[in-house]
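From just these sequences and the hints, can you work out the full model?
Protein sequence lines, in the order shown, are assigned to chains A and B. Per the numbering used here, the very first residue in the first sequence carries number 1; after that it's consecutive. Per the numbering used here, the very first residue in the second sequence carries number 1; after that it's consecutive.
Calculated from the structure, these hints are not laboratory results. Be aware that one or more of the hints could be misleading.
Said to hold, decoys possible - Below 16 Å or equal to it, Euclidean Cα-Cα: the simulated EDC-like pairs (lysine to aspartate or glutamate) are:
1. A:Lys422 with B:Glu28
2. B:Lys44 with B:Glu321
3. A:Lys422 with B:Asp219
As the list claims (entries may be wrong) - If we take Cβ atoms under 10 Å as the criterion, some of the chain A residues that face chain B in the derived model are:
4. Tyr5
5. Gly26
6. Phe29
7. Arg115
8. Asp116
9. Pro120
10. Arg311
11. Lys324
12. Glu421
What the hints assert, rightly or not - Label-pair restraints from in silico Cβ distances:
13. A:Pro120 with B:Arg18: 40 to 46 Å
14. B:Ser329 with A:Ser356: 44 to 50 Å
15. B:Thr325 with A:Asp213: 50 to 56 Å
16. B:Thr325 with A:Asp447: 44 to 50 Å
17. B:Thr217 with A:Thr247: 35 to 41 Å
18. B:Asp46 with A:Asp201: 56 to 62 Å
19. B:Lys242 with A:Pro411: 45 to 51 Å
20. B:Arg155 with A:Ser424: 55 to 61 Å
Glycine is no exception: its CB is placed at the ideal position from the N, C-alpha and C atoms.
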Amino acid sequence: MRFEYAPAPESRSVVTLRDSYGLFIGGSFVPGSSVFKTISPATEEVLAEVTHGGPEDVDRAVAAARQAYERIWSAMPGRERGKYLFRIARLIAERARELAVLETMDNGKPIRESRDVDIPLAAAHFFYHAGWADKLGYAGFGPSPRPLGVAGQVIPWNFPLLMLAWKIAPALACGNTVVLKPAETTPLTALMFAEICQQADLPPGVVNIVTGDGATGHALVAHPGIDKVAFTGSTAVGKEIARLCATDGKRVTLELGGKAANIVFDDAPVDQAVEGIVNGIFFNQGHVCCAGSRLLVQESVAGDVLAALKRRMATLRLGDPLDKNTDVGAINSRAQLEKIHLLAQAGESEGASRWSAPCQLPDRGFWFPPTVFTEVSQAHRVAREEIFGPVLSVLTFRTPAEAVQKANNTPYGLSAGVWTEKGSLILWMASRLRAGVVWANTFNRFDPSSPFGGYKESGFGREGGRHGLEAYLDVLGGGDV
Amino acid sequence: MVLGDPGGIVASDTSLRRFLHGLPGVDEVGARARADTLATRSVKADAKRQALDLAISMIDLTTLEGQDTPGKVRAMCAKARRPGSGAPPVAAVCVYPDLVPVARAVLSSGAVLSSGAVLSGADGEGAGNGQRSGVAGRVRVASVATAFPSGRAAREVKLADVRSAVAAGADEVDMVIDRGAFLSGRYLEVHEEILAVKSCCGDAHLKVILETGELGTLDNVRRASWLAMLAGADFIKTSTGKVAPAATLPVTLVMLEAVRDFLVLGGRRVGVKPAGGIRTAKDAIRYLVLVYETAGESWLDPRYFRIGASSLLNDLLMQREKMETGRYSGPDYMTVD
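Here's what the structure looks like:
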């Protein structure tokens with residue numbers, strides 16, 4: 001019989017947005033030279049006006065961070081720093097609904113994901129690192145490892161608050177202060193986080209948020225007053241940052257693009273593998289650096305797996321990101337949508353075969369239907385370039401060795417997935433895949449205690465876990481080891 | 001392909017094991033995660049109204065207690081026919097074999113028996129006549145049998161149990177599989193027993209209870225589902241309600257995947273019945289969501305999906321009234337059986 005879910009939108013009334021936001025420098029919001037607007041990608045409506053941070057604003061922010069570092073934060077005992085982090089973690093958890101709705105409005109991702117993944121994980125990162133703050137002497141970097149100083153951090157638009165947490169939580173736990181630049185299209189949850197810092201009575205200057213575009217990011221990364229650069233974003237920008245920092249001795253960690261292989265063997269648990277494929281590439285509209293954008297499926301089961309995948313894709317619900325039943329939300333920006341269109345067209349013109357489930361796209365906003373390309377070869381652009389959208393390329397293989405060879409045949413190396421009921425094969429594959437994370441019979445699972453980072457052009461350095469602390473500590477002999 | 005068994009799947013324990021263990025495995029973590037995600041679906045307004053009535057029409061209203069009496073069964077049957085305030089009748093009542101005549105007498109009296117044989121073995125396809133229930137005419141009588149709930153009796157005793165239920169007028173027979181035989185790999189024995197029971201059912205529909213709470217793994221749930229379907233089950237059912245855990249969302253998810261795949265492979269649509277532990281409207285709606293997004297809309301029909309429950313009906317009625325009036329009434333406004 002006909003059955004259809006009624007609309008179930010999450011209420012926007014939990015969020016109180018100001019018309020205009022300044023820069024968060026030295027513990028308060030201050031005006032800057034010019035402003036820009038941030039919109040909802042699902043409706044194209046303007047949500048708020050945000051300040052564009054110029055070089056002089058970056059100067060002020062770095063100075064505030066330096067002052068806070070020297071006078072307060074680096075001298076504060078770890079157990080006291082930990083209390084602030086615990087307080088921030090609790091405030092994120094308390095204001096989770098508000099943050100989730102705002103994240104969805106500004107980013108376009110489904111509320112189900114911001115509510116069940118982004119915000120709980122962001123809180124978890126602060127809880128986890130709060131616990132490290134007074135135990136750094138036991139992290140394996142000597143008895144009293146020292147902080148680095150001021151960290152300049154630039155984050156992407158795909159998981160705005162979560163990426164902020166990945167950057168700020170370890171930096172603060174290790175005794176550094178930060179200047180963070182959120183992405184141009186998704187600044188709002190970072191600004192709400194600034195309010196949370198005020199609410200937590202965090203000493204002024206420990207966290208500074210400077211909104212703006214690539215120029216602002218460039219000014220921050222190039223600033224002589226910072227000791228450490230942490231960047232998550234595109235490989236092109238990452239290379240530029242690496243060049244910039246190569247000359248001035250800054251410590252750098254980069255978390256860049258990916259073109260992960262999700263490898264399905266013929267003995268895989270098919271129903272769960274299909275869920276893993278869907279979660280791997282359509283989670284967050286495919287705006288995930290570790291997305292499983294290349295499906296490598298063993299030739300003998302390719303037909304069955306693809307049939308099951310297409311059947312499953314037909315049940316994906318695309319639409320209003322605030323609707324609690326939405327699975328696939330809006331593409332974050334017009335520019336990103338155009339890039340996805342461009343690569344999808346390249347896929348067609350190079351001879352791959354394109355398929356999407358019948359799907360009504362909303363009239364306003366930026367949308368792209370979940371899409372799968374079959375008959376893809378390693379030479380096709382859709383198999384080599386990061387699309388960063390809901391587009392899956394399907395390739396086949398015959399033997400485990402061929403799977404490894406194809407999976408590693410990419411300039412990237414961020415993540416991989418292996419689906420098989422055979423434990424020994426999982427271990428054999430994991431030891432040969434050149435990827436920072438290998439998921440076995442799951443995909444896109446994150447935990448603050450698990451280090452995350454890439455091989456090759458996917459970047460260097462790890463975030464999360466004990467390994468992630470290293471990026472924010474002076475482990476090269478500067479401390480009193 | 002499967003139904004004619006040209007490959008000799010059911011020739012021996014070995015051949016059956018080869019087939020059942022060759023089915024794709026179930027990753028427990030992944031299956032649970034999928035069930036958890038679907039449990040977050042938000043069913044509101046018109047969709048909820050529709051879901052509540054649909055759930056009511058899918059209930060096998062059940063009493064399976066040693067203390068059951070004819071009076072209790074009559075009361076339950078009266079409620080099954082007219083749950084109250086415009087709610088649709090439930091799909092069936094489910095009782096022990098000795099109480100089948102009582103249930104049958106109440107439910108046949110004055111009922112519209114327009115289609116005579118009432119949903120015979122022909123699957124009732126197309127018998128819906130635009131009616132949602134598709135179960136023609138009256139509330140059906142289901143009887144548990146085969147030494148329910150343990151199934152620990154001689155084969156002849158179990159078959160006699162089935163014959164007596166059918167002779168007393170049961171429209172549906174809920175049998176239990178021999179879990180001991182299943183767990184020790186005597187698949188052929190389980191298969192033969194289901195076949196034997198099926199042959200005693202006549203026109204009555206056969207529901208095969210897997211007792212998933214005793215099977216231990218979701219892999220076993222998938223294998224037992226296929227074994228029952230291969231042997232001719234019209235429905236596969238999770239539980240007796242006498243073993244904890246009874247019905248769960250992950251178990252039902254795996255069974256729904258099995259019937260979906262069986263239709264693709266064998267061309268026959270088998271029903272699914274979670275039973276035991278489903279007590280609230282919210283729970284029931286979660287099961288409907290599971291059906292909708294796993295097997296598809298065509299299974300959202302009392303011919304292919306049932307919920308075995310007793311106290312659930314009152315909660316559904318209460319939520320239904322809340323949708324209509326905007327208020328909750330007290331428990332005294334819901335009948336006790």
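Verification of the hints:
Restraint check for A:Lys422 and B:Glu28: the C-alpha separation of about 15 Å stays at or below 16 Å, so the hint holds. A hinted pair counts as satisfied when its Cα atoms are at most 16 Å apart, and B:Lys44 with B:Glu321 qualifies at roughly 15 Å. A hinted pair counts as satisfied when its Cα atoms are at most 16 Å apart, and A:Lys422 with B:Asp219 qualifies at roughly 15 Å. Nearest Cβ of chain B to the Cβ of A:Tyr5: about 5 Å, under the 10 Å cut. The hint holds.
Using the Cβ-Cβ criterion of 10 Å, the hint placing A:Gly26 at the interface with chain B is not satisfied: the shortest such distance is roughly 41 Å. Because the smallest distance between the Cβ of A:Phe29 and any Cβ of chain B comes to about 36 Å, over 10 Å, the interface hint for this residue is violated. Nearest Cβ of chain B to the Cβ of A:Arg115: about 9 Å, under the 10 Å cut. The hint holds. Evaluation of the A:Asp116 hint against chain B yields a held restraint, the C-beta minimum of about 7 Å falling below 10 Å.
Taking 10 Å as the C-beta contact cut-off toward chain B, the hint placing A:Pro120 at the interface is violated, the least distance being around 13 Å. The criterion of a C-beta within 10 Å of any C-beta in chain B is met by A:Arg311, whose closest approach is roughly 9 Å, and the hint holds. Restraint check, A:Lys324 versus chain B: the minimum CB separation of about 4 Å is within 10 Å; hint holds. Proximity of A:Glu421 to chain B holds as hinted, the smallest CB-CB distance being about 4 Å (cut-off 10 Å).
A hinted range of 40 to 46 Å for the beta carbons of A:Pro120 and B:Arg18 is consistent with their spacing of about 44 Å. Between B:Ser329 and A:Ser356 the CB atoms are about 48 Å apart, so this pair conforms to the stated range of 44 to 50 Å. Between B:Thr325 and A:Asp213 the beta carbons are some 55 Å apart, a value that agrees with the proposed interval 50 to 56 Å. In this structure the hint that B:Thr325 and A:Asp447 lie 44 to 50 Å apart at CB holds, the actual value being about 47 Å.
For the pair B:Thr217 and A:Thr247, the supplied restraint of 35 to 41 Å is violated, since their beta-carbon distance comes to about 59 Å. Separated by about 48 Å at the C-beta atoms, B:Asp46 and A:Asp201 break the suggested range of 56 to 62 Å. At roughly 60 Å, the beta-carbon separation of B:Lys242 and A:Pro411 lies outside the given 45 to 51 Å, and the hint is violated. Restraint check, B:Arg155 to A:Ser424: a C-beta distance of roughly 42 Å breaks the suggested window 55 to 61 Å.
Checked against the numbered hints given earlier, the structure breaks hints 5, 6, 9, 17, 18, 19, 20 and satisfies all the rest.
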